[in-house]
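**Q** This is what each chain is made of:
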Amino acid sequence: MKIGVCVKVAPDTDTRIKISGDGAGIEESGIKWIVSPYDSFGIEEAVQTQEAQGGEVILFSAGPKDWQTQLRAGGLAVGAERAVIVDDPALAGTDPLGIARVLAAGIASEGCELVFTGKQAIDDDNVQVPAMVAELLGWPHVSFVTDFSTDGSTFTATRNVGGGTQEVVTGSLPVVITAERGLNTPRYAKLPAIMKAKRKKVDVKSLGDLDLSADDITPAVQLTNFSLPPERPAGRKLEGDVDTMVQELVRLLREEAKVI
Amino acid sequence: MRTSLFRHHFDESHRALREEARRFAREEIAPHATAWEEAGEFPRSLHLKAAQAGLLAPSFPEALGGGGGDVLHDVVVAEELLRAGSTGAAVGLGSLSIALPPILSLGTEDQKERFVAPVLRGEKIAALAVTEPGTGSDVAGIRLKARRDGDHYVLDGAKTFITSGVRGDLITVLARTGDDPHAGLTFFVVQRGTPGFEVSRALRKTGWWASDTAELSFSGCRVPLDHRIGPEGSGFVALMQNFERERLMLAVNGHALAEAALDESMAYAKQREAFGRPIGRFQVIRHKIAEMATAVTSAKALTYACAARMAAGKGASPEVFMAKNHAAMVAREVCWQAVQIHGGMGYMRETKVERWARDARLLPIGGGTQEIMNELIARGLGA
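Quick mapping for you: the protein sequence lines, in order, are chains A and B.
Under this note's numbering, the first residue of the first sequence is numbered 27, with each subsequent residue one higher.
Under this note's numbering, the first residue of the second sequence is numbered 10, with each subsequent residue one higher.
Rather than coming from a laboratory, the hints here were simulated on the basis of the structure.
Keep in mind it's a predicted model, so treat the numbers as computed, not measured.
Fair warning: there could be bad hints in the mix.
[As the list claims (entries may be wrong)] Here are some chain A residues pointing at chain B (derived, C-beta under 7 Å):
hint: 1; residue: Leu217
hint: 2; residue: Leu275
hint: 3; residue: Leu278
[Claimed, not checked] Distance windows between CB atoms, simulated:
hint: 4; chain 1: B; residue 1: Ala283; chain 2: A; residue 2: Leu278; range: 31 to 37 Å
hint: 5; chain 1: A; residue 1: Asp229; chain 2: B; residue 2: Glu47; range: 49 to 55 Å
hint: 6; chain 1: A; residue 1: Asp38; chain 2: B; residue 2: Ser307; range: 25 to 31 Å
hint: 7; chain 1: B; residue 1: Arg16; chain 2: A; residue 2: Thr41; range: 39 to 45 Å
Glycine included, every Cβ here is placed at the ideal spot set by N, Cα and C.
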């Protein structure tokens with residue numbers, strides 16, 4: 027079975043994001059790039075499934091070919107067999123639907139039967155691409171999965187639906203599964219595997235290689251301006267007896283914070 | 010701090026391994042570091058976890074369970090583990106890197122399989138026993154005697170200051186089998202539980218609290234012939250072979266502690282206020298930090314240069330002895346200043362800089378004293 031994993035490379039979680047001078051993006055110099063952590067859960071689940079069922083794990087990314095550094099360290103060194111990166115100048119301005127079209131075309135061209143990915147990327151947190159990929163492939167999609175098993179033709183997935191409630195979904199492959207924290211613990215990449223990953227195959231493709239053109243990924247959504255959230259103001263300490271403080275608190279919540 | 014200055018020493022595999030070590034340090038060591046240091050031990054299971062993560066022995070042969078890497082892979086892992094706040098745990102995990110090399114260089118395939126592989130799997134703990142109550146740097150003065158008796162050797166004597174000695178399962182012991190000061194020395198592996206072998210004392214130390222340090226006694230301790238490592242008389246040369254690497258790793262220990270103490274100090278100086286502003290705005294603190302950073306960078310430059318030579322299979326004497334002495338001095342000075350910047354807080358056991366300042370005291374002593382290093386440097390220079 028060919029198992030696909032959609033992977034995005036994102037700034038490390040403890041990066042302090044700075045807006046670029048023109049306000050149209052973020053300052054990328056000095057950022058440490060990593061495989062988006064939820065995608066790492068997807069990679070681990072794919073590798074565990076491959077270990078149980080056989081087949082191969084293929085990584086798919088839509089982004090600069092330089093991402094192969096992270097794909098090797100965070101994917102090919104922990105059990106994925108090879109990677110496909112679609113790198114095309116037209117990708118720069120696209121939106122989640124454009125990315126989903128590219129990934130779906132890549133997955134279809136390889137004939138995958140099962141796709142994992144993170145529930146969301148940790149940079150723009152759109153939570154859109156996985157559902158779009160599934161729709162474009164005509165596959166079902168189970169999101170926020172915390173437990174997964176398959177016998178190679180059917181699957182059982184447990185998903186969090188909020189409030190502590192869990193839903194168990196069963197169905198037939200193919201399917202797109204998105205990983206929630208808790209699905210597994212990603213393994214460490216050991217040095218021999220890191221060395222071996224250097225020689226694993228990373229195909230860099232253009233849109234044309236997947237029979238797509240720039241027109242296919244024309245964005246419906248354009249990002250025009252970035253701004254940081256306002257700095258959190260210092261806390262305020264209320265004084266006086268309890269009655270005075272409660273009155274003042276209620277007034278502030280009503281008049282300033284406008285939450286009651 | 011800026012890392013690009015030294016980037017050329019490392020390739021993608023070193024950088025990728027550093028990320029793995031950083032994650033291990035963050036998830037498996039940092040949350041427990043203070044508790045382990047206070048308790049004076051860390052769980053044995055950390056050896057197993059480190060082995061499973063591929064971080065126990067990056068430069069050991071892959072066939073025996075190591076990572077198959079070079080000394081720079083050891084360097085990046087050591088740096089990350091040391092930063093986590095429990096020097097004791099980091100050096101405890103590291104005792105195999107001095108205990109196993111004699112077996113690797115002199116042992117039979119069978120001995121490597123029996124003694125090295127279980128340690129690299131994290132199932133057993135290895136320790137090196139050279140120093141004795143009466144002899145340290147003067148290795149030729151070793152008195153622990155191994156007398157041949159049929160298909161056994163009988164060991165009598167004592168060893169002390171043995172890192173991981175209290176709970177070690179396999180002790181690589183340097184013993185005297187002949188009268189020649191150097192050519193009369195031979196390594197033996199003594200397994201825990203061998204009659205006549207005892208941990209006579211667990212020693213309490215200035216630093217490295219989470220690692221166990223032992224005094225060991227051997228009294229009519231019978232060791233089978235197949236526990237002798239190499240032919241009789243081969244011990245001293247085998248010990249010497251690993252000296253450069255041991256000293257390199259102690260130099261790394263020095264700059265890693267110093268750099269971590271510098272980072273803690275910078276963060277503290279930004280947050281701690283005095284006279285109405287963060288103390289980091291005062292020139293006296295800023296200049297202190299500048300000097301600390303300069304010292305750390307100089308130690309890294311010298312140590313990395315030696316490591317790169319060694320990774321390329323070349324010798325680094327006497328520069329690596331200079332690296333050890335320099336890093337030890339830098340660690341002492343920078344950790345001292347880090348405590349100073351922290352003020353009263355820096356004297357409290359809950360801060361890492363307090364711990365590191367104690368830990369750093371070992372560096373001009375362990376693995377060959379500062380004075381012995383100077384002697385070797387002078388000899389290397391032809392002085």
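**Q** Confirm or reject each hint.
**A** Hint-by-hint comparison with the structure:
1. Leu217: holds (3 Å)
2. Leu275: violated (28 Å)
3. Leu278: violated (27 Å)
4. B:Ala283 with A:Leu278: 31 to 37 Å: holds (32 Å)
5. A:Asp229 with B:Glu47: 49 to 55 Å: Distance hint for Asp229 of chain A, Glu47 of chain B holds at roughly 53 Å.
6. A:Asp38 with B:Ser307: 25 to 31 Å: holds (28 Å)
7. B:Arg16 with A:Thr41: 39 to 45 Å: violated (19 Å)
Checked against the numbered hints given earlier, the structure breaks hints 2, 3 and 7 and satisfies all the rest.
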